[in-house]
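Mind docking chain R on chain P? Use the hints.
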Amino acid sequence: MLVSLNWLKQGLDKITISDEELVKLIGARLVEVEGVIDNTHKYDKVYAVQVKYCEKIPDTHLSLCKIDDGGVAEDVERDSDGYVQVMCGAPNVHEGMFAAWVAPGAIVPSTFGTDEPFKIGTRKMLGKYDSYGMMAGADEVDLGDDHTGIIELDSSVAEPGKAFADIFNLKDKILDIENKSLTHRPDTFGILGFRREVAGILGQKFTSPEWYLDAKQDFENDKNVKLDIAIDEKLCPRYTALVLESTGAEYPKTISTGATLLARAGMRPIDPVVDATNLCMLTYGQPLHAFDYDKFVAVGGTDSPKIIVRAAKKGEKLELLDGTTVEMTPDDIVITSNDVPVALAGAMGGANTAIDENTKRIILESATFSLYNLRKTQMAHGIFSEAITRFTKGQPAGQTLPVALRCARDLQAYFKPLAAFDTQKEAPEPIVVDLTLGQINGLLGTDFTDKQVKTLLENVEFGVELDGDKISVVAPFWRTDIHIAEDIIEEVGRLSGFDSIKPVLPLHATADPNSLFALKTQIRNILSARGANEVLTYSFVHGGLMAKVGQKPENAYKIVNSISPDLQYVRQSIIPSLLDKSYGNLRAGYGRFALYEMNQVYPKNLGFDDDKTPQGLPQLGFVFVDGKEQSNYYLAKKYLENLLEVLGAKYELGKFTNSATNSYYEPKRSASIVAGNMTIGYLGEIKGSVAKSFKLPRGVAAFELDLTALLALARGAAAKTFRLSNYPSVSRDLTLTVAGDTAYAELEAKIRDALKDYIYKLSPVSIYQADGADTKNVSFHLEFAHPDKTLEKSEIQDIMDTLESIK
Amino acid sequence: MATLQELKNELKALGAEYAKIKDLPADQRADFGKKINLKKQQLNAEIAAAEAAAEQEDVAPLDISAPCDINGQMPEFLTADFGSKHPLMTELDRVIAIYQSMGFDIAESVQLDDEYHMFDSLNFAKGHPARDGYDTFRTEEGFIPPAHTSTMQNRVLKANAHKLKEGKAIAVAVPGRVYRNEDIDATHEHTFYQCEGVYVSEDCTLGNMLAILREFFEKYYGQKLNIKTQPGYFPFTEPSLEFLIEKPASLGGKGDGWLEMLGCGMIHPNVLKAAGIDPTKYQGFAWGGGIDRLIMLRYQLNDIRYLESAKLDFLKEFAC
Chain P
1 MLVSLNWLKQ GLDKITISDE ELVKLIGARL VEVEGVIDNT HKYDKVYAVQ
51 VKYCEKIPDT HLSLCKIDDG GVAEDVERDS DGYVQVMCGA PNVHEGMFAA
101 WVAPGAIVPS TFGTDEPFKI GTRKMLGKYD SYGMMAGADE VDLGDDHTGI
151 IELDSSVAEP GKAFADIFNL KDKILDIENK SLTHRPDTFG ILGFRREVAG
201 ILGQKFTSPE WYLDAKQDFE NDKNVKLDIA IDEKLCPRYT ALVLESTGAE
251 YPKTISTGAT LLARAGMRPI DPVVDATNLC MLTYGQPLHA FDYDKFVAVG
301 GTDSPKIIVR AAKKGEKLEL LDGTTVEMTP DDIVITSNDV PVALAGAMGG
351 ANTAIDENTK RIILESATFS LYNLRKTQMA HGIFSEAITR FTKGQPAGQT
401 LPVALRCARD LQAYFKPLAA FDTQKEAPEP IVVDLTLGQI NGLLGTDFTD
451 KQVKTLLENV EFGVELDGDK ISVVAPFWRT DIHIAEDIIE EVGRLSGFDS
501 IKPVLPLHAT ADPNSLFALK TQIRNILSAR GANEVLTYSF VHGGLMAKVG
551 QKPENAYKIV NSISPDLQYV RQSIIPSLLD KSYGNLRAGY GRFALYEMNQ
601 VYPKNLGFDD DKTPQGLPQL GFVFVDGKEQ SNYYLAKKYL ENLLEVLGAK
651 YELGKFTNSA TNSYYEPKRS ASIVAGNMTI GYLGEIKGSV AKSFKLPRGV
701 AAFELDLTAL LALARGAAAK TFRLSNYPSV SRDLTLTVAG DTAYAELEAK
751 IRDALKDYIY KLSPVSIYQA DGADTKNVSF HLEFAHPDKT LEKSEIQDIM
801 DTLESIK
Chain R
808 MATLQELKNE LKALGAEYAK IKDLPADQRA DFGKKINLKK QQLNAEIAAA
858 EAAAEQEDVA PLDISAPCDI NGQMPEFLTA DFGSKHPLMT ELDRVIAIYQ
908 SMGFDIAESV QLDDEYHMFD SLNFAKGHPA RDGYDTFRTE EGFIPPAHTS
958 TMQNRVLKAN AHKLKEGKAI AVAVPGRVYR NEDIDATHEH TFYQCEGVYV
1008 SEDCTLGNML AILREFFEKY YGQKLNIKTQ PGYFPFTEPS LEFLIEKPAS
1058 LGGKGDGWLE MLGCGMIHPN VLKAAGIDPT KYQGFAWGGG IDRLIMLRYQ
1108 LNDIRYLESA KLDFLKEFAC
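Just so you know, the sequences run in chain order P and R. All residue numbers for the first sequence refer to the numbering used here, where the first residue is 1 and numbers rise by one. All residue numbers for the second sequence refer to the numbering used here, where the first residue is 808 and numbers rise by one.
The following block holds chain P by itself, in its conformation from the complex (with noise of 0.2 Å):
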């Protein structure tokens, strides 16, 4: 939304701060400010002129004017009137009119703050003819889109020479607010509840105009002029019509304030009915619409209107204003002429009941909508009009009467008030919210007292009574946003500024650590230190990942709305993902490297939370890659065991077991990590045909671990107890010669049963099979010790005879 800064101030007393301070009070206490549009310079050097003389150039399109500038512009020749010589290529340029002259070195306004700025000079037209500056079509000092003319300005507030800003005021400032931030503050979508809000931070009483405050039809019904209006009020709590005749009058030539303050607020003028309503709608937050009422009513077939508000059939059509025809759902509110669509509310009218230069009489509509529909219609239609954002806000239903109105007041010199009907018999009860100083400054930690909470929430109109240390608080109908105490207290503290309260800190407890937490710091510490790489990757894949790595689609939460069919789908594992991004690193030139990462996943098959949500997974996944092709197996093995070695945690490889989203591992080269009986992970080689699949050489390998079950498992660990000998070791070689097929697991668990006695260190140094061999040599560096005594030559052959014959 785009405020002005000038108009924003009229009504308001004076203010004393400076134009920064007041827009960073805006900011502090009523809305964010996302940038001000400072166009103090922007018409400089334009004025109002008098068109003196003016004679057509035959066979062109151009007129050779002589124009009086009451001698403010420098650097012009002049003739011996004093006049300026200025050629003009509209149409509408006649002698005595007054229009807006840019004068040479002035910057074109509609160029003014863009990136290309144009600055006019003194240029020779056909040839012959100096032309000073120009005179300025609505679209060039950016006051409209009409390129088909020059402006003109009215005899009664333009003479010679005038500065054009002066005559609008538009040495002005363009406030861009941030909608967000007043989502459930319909009222502040007017420049009239905004000012309110202003002069409230501002400590300035405001009051509203006597007519918005209690509306008075200052004009008796007639009784020729009927209309019926039917409503749902689920979907249209009031509506409000007036029929308007014409007064036969013709619409000025000239550019009004109005349009400048439409422009201002970045729309456009088309004609005096649109322009007024759009004005009200800016003024006052309140989206009117006009109809052109025979049109509605040869529409309806009926002899006088027949609105009828109801929510649109399914499929049913409706060309709008703008020449796109909408089909409509249930979901949208219609506007109806005894039931024929005619607008789509709240967000555009209908091309059968448009008003033009023919138009007699109109029908002018002022009603609230159901914010719920017309956000629907929002979204389905991808309507963002002005009118529709402040509808989807909640328009109070108190201000329709007044504003139509108003509207209707603003028309008279065009259009004669006939009748006005609404369906609104009584105004509803005011919400009062009852609360106490206490709760206002126990929630805020302040010491307001009661006058001063009065003063504050009265400067914007809110009633207040005061009884003890009771404040009963009355809402004004525009603040449909009131409920309950907290609204209140937000608004002492909004007002006054939060920033004017004293931080305190509390006391605080000692704080829990969270293992799991915990468990990850720890994780990462000793992966990191080993050179793995922690990454994280998205949490959504593509449908094509689970089929490269062989995932069930079943087995995965499908997104409806995503972005693109690269996140379909979300993560039942972490490794595909690490699968998904070694290829790039590989390109980029790292031949071995690990990656890992820790993270939720949600594969279906592990059901709900006891919450009725879906059971999430924390994973870790860890891949080693090789750009060469050659198994990985052990050197992940190394990871995973050194890993799960620090972190003190029992587990056994077993034979691999396939499970619901393990199936990119190598079952006759893969294992399964298990704790007691129970699966804490997998370990091993991804199949070449998966690893092929993301261009990555045979043999990448992996480890996945289920960090919950990890958790269990190292929590549950005995401290790590060392034990060291104070006698000598003895440092030894051991080989066995064993059957090809002897797991290594097997031999080890062996040698350590015969070294249970002594304190000891085993190393593995090589496993040896020669071609076509059916045993392998399996070596072991190992070092001894007794713990109670040097052990004796004796003693160490019998340890050595006993291991050597391991088989």
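Quick caveat, the hints were computed from the structure, so don't treat them as lab data. For glycine and all other residues, C-beta sits at the position ideal for the given N, C-alpha and C. Among the clues, some could well be false.
[To be verified] What follows is a list of derived Cβ distance ranges for each label pair:
#1 P:V560 to R:A859: 30 to 36 Å
#2 R:A859 to P:D774: 25 to 31 Å
#3 R:K819 to P:E319: 53 to 59 Å
[Unchecked claim] Chain P residues, not near chain R, derived (Cβ > 12 Å throughout):
#4 K119
#5 E152
#6 Y251
#7 D356
#8 P428
#9 V432
#10 D450
#11 P614
#12 P787
Then chain R, alone, in the frame of chain P:
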């Protein structure tokens, strides 16, 4: 059973069959086409199965318990200087450590939630336009990858309500991954991290909230900071505010600019009620802010997309 090669030949031959369609009477073409397609699907499935079986046969089993390959080298870790921690996670650790030092428990946010936690329990009226501001994703079942960590408020309040009865305050920080359905560019991500804070006691005030938030940022940036607020609107807080800090010296601040850090406010009575906490006895405040933004500021990162890119070129800048 047919060999893989035979199956492939058969598939090739089937291709030639297609050409015959045009010679058939029009009324038989559809049937013929269907039959060929069905046959083609069968063949493709058989080929895939045969290929998978062939891959299996190719694969030699390995000793899952061994330390290294037969005749292979003993594996060695990559060098430590190659490793890195993700900057977002390091930042979260930093943030969490400060909150813990200030007496806040830590609870992590879920990544797939429902309408109730995301909106209903947070006092969003059904169909209210405020819901639009969150651009949520949805699954077929109507679940929501949460668009803010506030989705955890109801759970955290319920789980800790007993503390109030014990005369203690609820003080919890909730870090988590959140999602918004928006196109990404250098400054926008659909996936990012937030940290929520929730505090409830018998008598805490907005003044307490401002003090806690200032304290957090002063510890985080290691300097005294000026703060200011702007009115905001969130259905789950009343009053609602945007919280700003003076640009810290470590980010090049010279006492002029302001940084918008988070949204905050006093918890709406309906939110307390929904969690079974009596709003006439207890009151609280809550806030939520982005973690990604802290990183963007700290490292003057010019493109937020690096964070989820898993590019080593980027990550290795954060070697540990």
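Okay, the hints, checked on the actual structure:
Checked against the hint of 30 to 36 Å, the pair P:V560 and R:A859 passes, with Cβ atoms roughly 33 Å apart. For the hinted restraint 25 to 31 Å between R:A859 and P:D774, the CB-CB distance of approximately 30 Å keeps it satisfied. Checked against the given bound of 53 to 59 Å, the beta carbons of R:K819 and P:E319, roughly 57 Å apart, stay inside it. The non-interface label for P:K119 is consistent with chain R: the shortest C-beta to C-beta separation is roughly 33 Å, beyond 12 Å.
The Cβ of P:E152 lies farther than 12 Å from every Cβ of chain R, with a closest approach of about 42 Å, so its non-interface assignment holds. Interface exclusion of P:Y251 from chain R stands, the closest Cβ pair being 37 Å apart, more than 12 Å. Under the 12 Å C-beta cut-off, the non-interface status given to P:D356 relative to chain R holds; the minimum distance is some 34 Å. Every beta carbon of chain R lies more than 12 Å from that of P:P428, the smallest distance being close to 19 Å; the non-interface claim holds.
The Cβ of P:V432 lies farther than 12 Å from every Cβ of chain R, with a closest approach of about 18 Å, so its non-interface assignment holds. In this structure P:D450 is separated from chain R by more than 12 Å, as the shortest Cβ-Cβ distance comes to about 18 Å. Against chain R, the non-interface label of P:P614 is violated: not every CB pair exceeds 12 Å, the least being about 5 Å. With a cut of 12 Å on Cβ distances, P:P787 stays outside the contact zone with chain R, its closest approach being about 27 Å.
Violated hint: 11 only; the structure is consistent with all others.
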